[in-house]
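Asks: We have chain A; now place chains B, C and D onto it with these hints.
For the protein sequence lines, the chains are A, B, C and D, in the order given. In terms of this note's numbering, the first sequence is residues 1 to 344. In terms of this note's numbering, the second sequence is residues 1 to 344. In terms of this note's numbering, the third sequence is residues 1 to 344. In terms of this note's numbering, the fourth sequence is residues 1 to 344.
All clues stand as given, with none of them false.
Derived pair list, reagent style EDC-like, types lysine to aspartate or glutamate, alpha-carbon separation capped at 20 angstroms:
| # | chain 1 | residue 1 | chain 2 | residue 2 |
| --- | --- | --- | --- | --- |
| 1 | D | K269 | C | E245 |
| 2 | B | K136 | C | D111 |
| 3 | A | K227 | B | D111 |
| 4 | C | K282 | D | D111 |
Pulled from the structure, derived: some chain A residues nowhere near chain C, Cβ distances all over 12 angstroms:
| # | residue |
| --- | --- |
| 5 | K23 |
| 6 | T112 |
| 7 | N244 |
| 8 | D310 |
| 9 | E323 |
| 10 | G338 |
Worth flagging that the hints you see were computed from the coordinates, not collected in a lab. The model shown is predicted, which means the values in this text are computed figures rather than measured ones. Even for Gly, the Cβ is constructed at its ideal location relative to N, Cα and C.
4 protein chains.
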Amino acid sequence: MFAIVKNRPEKGLWAEDRLNAQKTLGPNDVRIKVSHAGVCGTDFHIYKWDDWAQGRVKVPTVLGHEFVGNIVEMGSAVSGYTVGERVSAECHITCGVCRFCRTGQGHLCVDTQIIGVDRDGAFTNEVVMPASNLWKIHPDIPDAHAAIFDPLGNAMHTVSAFNLAGKTVMITGAGAIGLMAVAMSKARGAAKVIVLEPQEAKRRMAEALGADMTLDPTQSGANDKIKAFTNAAMPDVLLEMSGNEKAIQQGMTLLAMGGEVAMLGIPPKAITLDVASTIIFKGLTVKGIIGRKMFETWYQVDTFVRTNPDAVDKIITHVLPAERFAEAFTLMEEGKAGKVVLKF
Amino acid sequence: MFAIVKNRPEKGLWAEDRLNAQKTLGPNDVRIKVSHAGVCGTDFHIYKWDDWAQGRVKVPTVLGHEFVGNIVEMGSAVSGYTVGERVSAECHITCGVCRFCRTGQGHLCVDTQIIGVDRDGAFTNEVVMPASNLWKIHPDIPDAHAAIFDPLGNAMHTVSAFNLAGKTVMITGAGAIGLMAVAMSKARGAAKVIVLEPQEAKRRMAEALGADMTLDPTQSGANDKIKAFTNAAMPDVLLEMSGNEKAIQQGMTLLAMGGEVAMLGIPPKAITLDVASTIIFKGLTVKGIIGRKMFETWYQVDTFVRTNPDAVDKIITHVLPAERFAEAFTLMEEGKAGKVVLKF
Amino acid sequence: MFAIVKNRPEKGLWAEDRLNAQKTLGPNDVRIKVSHAGVCGTDFHIYKWDDWAQGRVKVPTVLGHEFVGNIVEMGSAVSGYTVGERVSAECHITCGVCRFCRTGQGHLCVDTQIIGVDRDGAFTNEVVMPASNLWKIHPDIPDAHAAIFDPLGNAMHTVSAFNLAGKTVMITGAGAIGLMAVAMSKARGAAKVIVLEPQEAKRRMAEALGADMTLDPTQSGANDKIKAFTNAAMPDVLLEMSGNEKAIQQGMTLLAMGGEVAMLGIPPKAITLDVASTIIFKGLTVKGIIGRKMFETWYQVDTFVRTNPDAVDKIITHVLPAERFAEAFTLMEEGKAGKVVLKF
Amino acid sequence: MFAIVKNRPEKGLWAEDRLNAQKTLGPNDVRIKVSHAGVCGTDFHIYKWDDWAQGRVKVPTVLGHEFVGNIVEMGSAVSGYTVGERVSAECHITCGVCRFCRTGQGHLCVDTQIIGVDRDGAFTNEVVMPASNLWKIHPDIPDAHAAIFDPLGNAMHTVSAFNLAGKTVMITGAGAIGLMAVAMSKARGAAKVIVLEPQEAKRRMAEALGADMTLDPTQSGANDKIKAFTNAAMPDVLLEMSGNEKAIQQGMTLLAMGGEVAMLGIPPKAITLDVASTIIFKGLTVKGIIGRKMFETWYQVDTFVRTNPDAVDKIITHVLPAERFAEAFTLMEEGKAGKVVLKF
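Here chain A stands alone, though its shape is the one from the complex:
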C-alpha cells in the first residue's frame, strides 16, 4: 500500500510502499479504503518537525487524520454499517468509558489517541477505525467536502460555542479554519462578521466568504473603524483563531461589555493578559475549544456542508493526487493554499 510516512526525525515526509499492518480487525473495528484526505496544519508541524512534533510524534508514523473512504471490511460485532458504505471518521480515539465519553463530551476525554499523530493515520490506501468513530456521508456531499469534516468541525465547534443570531462577530485570524468560521457565522445567523487578519489575500478570501468588514490588525485605527461600523456597540462575540498573543489581547479589548469569546487558536507559550480590565470588568465569558463534540458537531457540519456547498468549494483551493503530496506542503509553506485535499 502507498503511504505518506514520517519515517525519519527530520524535516520532510516520505512515500512508502508498506504492507497493511492491521491484517485482522478487532470485533468492533472497520477497514476503510481511503478516497480523499485533507492536509492539516498539524501535518505541516510534523512535516517541519518542530518542537511540538518532536515531543509528540514517534517515527515511523503514517500521517493523516482527515479523510473519507468506503468500508471494505467490518469486525464481527459491528452493526449499523454495511460494506461499501461511504464514511469519514472522528480522528480522536477515546476511552469510551470515562464520564466525558459517556455524556456526549468525548472531546474532553484525557485518554485519547489521534490517528496520524499517536498512531498510523489515513494518508494511505486503507485505514482501520473503531466503528464508534465512523460518520456516514450523505450522498449529496462530494468526496472533497467529506474529507474535511474534521477541520470544518473545529470551526463549527468554535462558531457554535455561542448563539450568534443577530450578533456582531469578530474573527481574529483567517487561515483555513478562520475562513470556515466566517461562512459558518453568517450561516448561523450573525448579523455582521468582522475579520482581523494581517495578510491581504486572506482578507480578500474572508470577504468572498461573507465577511462584512476586514481589517489589517497591524495597522492602527482598528478601534475607531469598528466603533464606526458597529454604531459604537462594538462586537458581541470574538472567535479567536490565530493563537497570537497580540490578537487575543486586542480582540478582548475591542469586544463589547458582556461579550463572549471562543478560543481555538493555540498560543505556543503562556501569554500576558490584563484579566481585570478585559475579562472581569467587562464581564466577558471565555470558552476554550478543543476538538469536536462527539458527535453533535458532526451533525452541525453535515447540515452546513449540505446547505453551503459553495462556501466549502471556496475554502478548498487545491485537490492533488496523493503522490504529489510534497507540492501540498510547499504550497502551505509559501502561504499559497487555503485547504489542500489529497486524492488516494
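Replies: Below, chains B, C and D without anything else, positioned relative to chain A:
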C-alpha cells in the same frame, strides 16, 4: 450631620459635622436616614489612599456604599415606596438608557457612578438615592444583614454564574466575600466545597460556614489531596476570590476538564496565563464577574439571607457605633475582622 | 386632534376630532407627534367587537398601539432624549417595581396597561408615553418599518426563544406575524423553514420570504412530505403562530424527539392535548411567548430591520392615509392584507 | 435459575426455575449475577395486567429493570470492566447509532428495548447486558441503594431539568419518585419545597425528606396558603409527578409568571389544558421528561446517593427476599410501601 469623610489626600478618614448637601430632592430621588452601613475592602483602599484610590477618588468625599436605612422624604414622581419604609440600595448609579440598563444588565453600563467613590456616600446620617436603585428590606431581616446586601451580592453574582447543583466547587481566597461564597455554594446545591486560603483563621471560618475541605495553597500537595478527595474527578467549578496570580493559575490547573471558572478577585496588574494548557485544551468556560445583576442578584441575596441567617451572622464579626469607625479600619488592617458593620 | 375611536359598543370604529386629553405631562412622560401606526389583529378584534373585546375594552377608547413619531414635549425629569427625536414605544406600560420589571422581564409584569386597549392609544395625532417605554429609531429605518416594531417584536420574541442555528424550523400559521417569523428564522440561522398554512396566498408569501417548503395542513400527507424533506429527521423547532387546536396537536406530533416549541398563537379556549405522547415521551421543551422582552427583543428587532429591510417591505402590503382607516379593516376582513400601516 | 415471570396473560406473577437462556455472550455483552433489584410501578402495571401491559408485554417475560449485581462473565471485546466488579445498568438498550445515541441523548432514541418489558429482565439470578449500559457502583454505596439508581434517575432527570438554586419548588405527587424529588430538590439548592399530595402518609414522608410545606390538593385553599407561604411570589418551578389531569392544571395555575415545569408523571389519556391562560400568558417553560440522560443523570444520581444516604434509606421502606415477591406487590397494592427492594 455626622459623616466619615476622605477630606485629605493621605492615609486616614476623618469625622465631620457637615450640612446636608442635598437639600432638595430630584423628582425621582429618595432621601434615606442611614441606620447601618458595611465597611468594604474598597473603603479600606481609600482609607490607605493607595494608587487605585489616588487615581479614582476626589477629596472631599463621604465614604460608604453598603447600607440600610429608612425613607424620610420622596421626590414628587416617586411611586411604589412610602416614607418610613426600610430600604437598602444598589450603589451603582447607572445611565438607565443604554442597552445594558434596558435589558437587566445594568452592571455592565459604562456610564456608572458609585456612591462613596465617585460621589458622596452612605457613611453619614442621610443619603439621597434614585428611587430606581432602592431595595425593599423584608421585615424578617435584621439591619446588620440588610446593610451588607451589596457585598453579599458580589458573592452571589459569582456563585450564581454557574449551576452548582451536585458539583464540586473550589474557592480560592476566603476573605469576607469568599466566606459568603462558601455558604452560598452549599445553599445553592454544591455537593462539596473546597477552599484554598493561606490564612489558618480564615480556613477555620470557611469550615464553620460549610467548607468540606480546606487547604493552604502555599503548602505542596494540593493536587494530590484534591485528587484523593474528589475520587480523581477534580473540582468542576472554580470561584476565584483572591485576585492573586498564582491562585488563578493553580485554580485553573486543578480544575477538571470542561470546568467552569467565575472570576471576581481583581489582579492588581496583568498576569501570565498558559491559555493553551488551561483554558483551551481543558475546554474551560471562564466568566468575569462585576458588580451585581440589577436586580436579579438582589432577589437571590434576599432569599439567601432569609433562609440562611446563621451564615450571615458568622460572617459579620463586628457591629460598631459609627463614631468608632477608626477601630474598624484597624481591625481590617490587622486581619482580625470578617465583615464590620457600623451603626449610625 | 384627529383620532380613531371605539366610541360605541358595537362593530365599527369612528373618526373623532377631540381635544388633547393630556394637557400636562408627568415629570417622566413624553409627548409624541404620531407619524405612522400599524394596524394589528388586536385592533381588528376591537373593530369587530368580539367577546374578548367586549370583556376588555371600555368605550370610548382611542385605538392603536404600534407607532412611530417625534418627541414634541418632555416632562421635567426626562433625560436621555431630545425634542424632535424620532421614537417608537413599547405599548405595555408596566409597574416598574415588581421582580419582573426589575430583572429585564417586564413582559411578565402582572400590573400592565396596554395603550389602545386599556387606555387611549396611538391612532391620533399625539400620544403621551412614559419615557422608560421609548425606543429610539435609527436614521436608516423608514417610518413604515419603525411603526411596526411591536408586532415584529412578537415574532422576534418567538423566534429567539430557541437557538435556531442549523435547525429545521416549522411554522404553523402564516399571518403577518408568522410571515415575519419566516424571514427572521432564516436570518437567525435556521437551515430550513417549513410553513404549514391553509391559505394559498399566504403560502406564496411565506415562500417569497424564504420558506423552503410550504404545506396545506388541511391536505393529507404532511407527515410523509416532511419526513422526505428532512431525511426522516423531522423538524427540530415548532413556532406556533395560529392558536389553532389542530395545528398545535399536529405541530407537536410532527416534531422530532427532543424538539422545541414556542407558542405565540392564542387558542380561544382550552384545548385537548395528548401530553404523554407529545410532550413527555418526546422530551419536548415548550415555551409560552407573551409580548416582547423589554428591551432585549427591541434590540433584536432593530438589528433585523436594519439588515433585512426587503423582508419588512414584503410584509407591509399597504400604507394608507389615517383617514382611510376603514379600508384597512375591510382589507383585513377580506384577507387581502399582510400588514397595513396608517400615515397620520 | 430462579426467576419472577409474567407467564400468563392475567393478573399475577409466577416464580419459575428456568435454564439460563443466554448461554453464550455477544462480544460486547456482560453477564451479571443479580444481587438486589427494585420493584417499580411499571412492574406493578404488568403484575395487574392493565391495558398498557396487555398492549406492550409478551408472555412469558422475566420482569425487573432496576438492579445491582456483580459481573461474572464478559464478552471477548469488552474492556474497561473486570469480572467481579459491582455494577448496575441502564435498562434502556438503545440503537447506539442514531443522532440521539451519539450526542449523549440516548433517552430519546426511538429504537429502544427495555429489559423486563420488551425482553427478559433482572428479576432472576443472572442477567446479560451490553457493556455500554453498565454503571460501576462506588464502594461506599450499599446494594439496596445501588439497586434503585434507575428510578432515582427518573427523579433526578426531572429535578435537574431546571436550575433550582434559591427557587421555590412545587411537587405534585409524592409517590416514590416524588419523594426522591423532594430530597433531591433540597440537595440541589431549592430554597423551599412545597408538596401537593392527597395521601396523608405520603405527605408525612415528604416532610421527613425535607418538604417545607405539604398540602392536600383535594382541600380548598391551596392558592391562598401558597400565596402566604411564598410572600405572594408563588412557586417558581413545578415538578409534575402524578400524571393527574387536575394536578397538572392546578400546578400550572399556581405557578409564578415565567415559571418552569418538568413533567414526568404520565397522564393515561389526553387532557384538557387552557394553554392560553397557563402556558402562553404566563410565559411558562414546560419540559417533558423521559428516562434518564445516558449517562449524565447517572453521574448526578451517584453524587446524590453518596452525599445523601439517609434520604435514600427513608425512601426504601422494605427489603425482602426475592422469593417473597408477592408480598411486595401486595404492599404496593395496599399503598403501604415506599420503595421495595428484592434480594436475590
